[in-house]
Amino acid sequence: MLNDWSYVAIFTVISMFLPAAAIAIASFLAPKKPNPIKNSIYECGVETVGATWVQFKVQYYIYTLVFLLFDVEIIFLYPWAVAYNQLPLFAVVEVIIFILILLGGLLYAWRKGALEWV
Amino acid sequence: MTPLQIVFLLVAAITLFSAVMVVSIRGMMHAALFLVLTLMGVAFMFATLGSRFFAIIQILVYIGSIAILIIFAVMLTRNIMDAEVASLNRGWWFFAPLALLIFASIVLVLSSWSAFATLRDLSSTSGENILEFGKALTDPNGFVIPFEVASVLLVAAMVGAVYIAMERRGGRG
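Chains U and B are the protein sequences, given in the same order.
Each residue of the first sequence is one higher than the one before, starting from 3 at the first, in this note's numbering.
Each residue of the second sequence is one higher than the one before, starting from 546 at the first, in this note's numbering.
These aren't lab readings, by the way, just hints derived from the structure by calculation.
One thing to keep in mind: the hints can contain errors.
Claimed, not checked - Going by beta-carbon spacing under 10 Å, a handful of chain B positions derived as facing chain U: (1) Met-546; (2) Ile-551; (3) Met-566; (4) Ile-570; (5) Arg-571; (6) Phe-617; (7) Leu-633; (8) Arg-635; (9) Trp-638; (10) Phe-639; (11) Ala-641; (12) Pro-642; (13) Ala-644; (14) Glu-677; (15) Ala-706; (16) Met-711.
Said to hold, decoys possible - Think about it this way: if two alpha-carbon atoms lie no more than 20 Å apart in a straight line, the pair counts; the simulated DMTMM-like pairs of lysine to aspartate or glutamate are: (17) B:Lys-680 - B:Glu-693; (18) B:Lys-680 - U:Glu-118; (19) U:Lys-59 - U:Glu-118; (20) B:Lys-680 - U:Glu-75.
By construction, the Cβ of each residue, glycine as well, lies at the ideal position given by its N, Cα and C atoms.
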């Protein structure tokens, strides 16, 4: 039963091992000569201005929320897609209605400007 | 013990540890990341129970988008990171025993059920059948009404979220 999952387990172990090995080897081999400039906070080479913990715009939350809803839609569509070849036309129409209802929500979000980048 | 049982105990320990860390650690961002680890452990539980579909849902929806949503919510907050704010509620001495009492009574009620302590052998069941699930979901005699209502629910959630967020932005100027 778990044969296909053992591949996932092997990849998990490898994906944990490789970065850990890289960091461990670097910490053994790298020369350590710290100074204040080297230890300063680094953000893409630009010095940070003001507090780091700023409040993000609520807009990002809306993007994620819309993404979550369509993620759930995928979950609903997946079993239907697996059974697609054995379904009557009625089921296909049902799913088209399902997608159209959700498209209405997307249109609403679009019209209200929730998808605009700020 | 079989290797699977050893791995199960290891993952269960990690899951419980990270679940405790979610509620006890000071930094909210770290709490959110520990929540991801907890959900990963739950996905592993589904996988060992032979339920691939739920394991994938757990990773795709819970880790892939709900955890991200929580991380964005943490980034929206401002002053909760202060170390002075107590993580314990003032009434914890009353509500903690109350929660324990409710938990104990639920266990008491469930233990009167005959199959409470017996382990079911799941090795005979070959996971779930997505094909049958897909057929039942769109079958007129099956679950087609809940299926369509689910889309209405999702639209309601989307419209509500957009409405509230847009109102707040309009109010701010």
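- request: Take a quick look at whether Lys-59 (chain U) and Glu-118 (chain U) sit within 20 Å of each other, Cα to Cα.
  value: holds, 13 Å
message: Quick check on the hint: Glu-677 (chain B) CB to chain U CB, less than 10 Å?
response: The hint holds - Glu-677 (chain B) has a Cβ within 10 Å of chain U, the shortest such distance being about 8 Å.
query: Are Phe-617 (chain B) and chain U close enough, Cβ to Cβ, to be under 10 Å, as the hint says?
result: Because about 5 Å separates Phe-617 (chain B) from the closest Cβ in chain U, which is inside the 10 Å limit, the hint holds.
message: So, as I understand it, the hint says Phe-639 (chain B) touches chain U; can you test that by seeing if any CB pair is closer than 10 Å?
response: Status violated, d = 34 Å.
query: Regarding the hint that Ile-570 (chain B) lies at the interface with chain U, is the smallest CB-CB distance below 10 Å?
result: violated, 16 Å
task: Would you settle whether the hint for Ala-706 (chain B) is holds or violated, based on the nearest Cβ-Cβ distance to chain U being less than 10 Å?
output: holds, 5 Å
message: Restraint: Ile-551 (chain B) near chain U, CB-CB cut 10 Å. Satisfied or not?
response: violated, 12 Å
query: Given Met-566 (chain B) was flagged as interface, is its beta-carbon under 10 Å from a beta-carbon of chain U?
result: violated, 19 Å
Pair hint Lys-680 (chain B) and Glu-693 (chain B), alpha-carbon separation not exceeding 20 Å: holds, 14 Å
- request: Closer than 10 Å between Cβ atoms is the bar; does Ala-644 (chain B) clear it against chain U? Give me holds or violated.
  value: violated, 29 Å
field: Hint status (Cβ of Ala-641 (chain B) to nearest Cβ of chain U, threshold 10 Å)
entry: This hint is violated: Ala-641 (chain B) lies away from chain U, its Cβ roughly 31 Å from the closest one there, beyond 10 Å.
- prompt: Holds or violated: Arg-635 (chain B) as interface residue toward chain U, Cβ cutoff 10 Å?
  reply: Since the shortest Cβ distance to chain U is 26 Å, the answer is violated.
Hint violations for this structure: numbers 1, 2, 3, 4, 5, 7, 8, 9, 10, 11, 12, 13, 18, all remaining hints satisfied.
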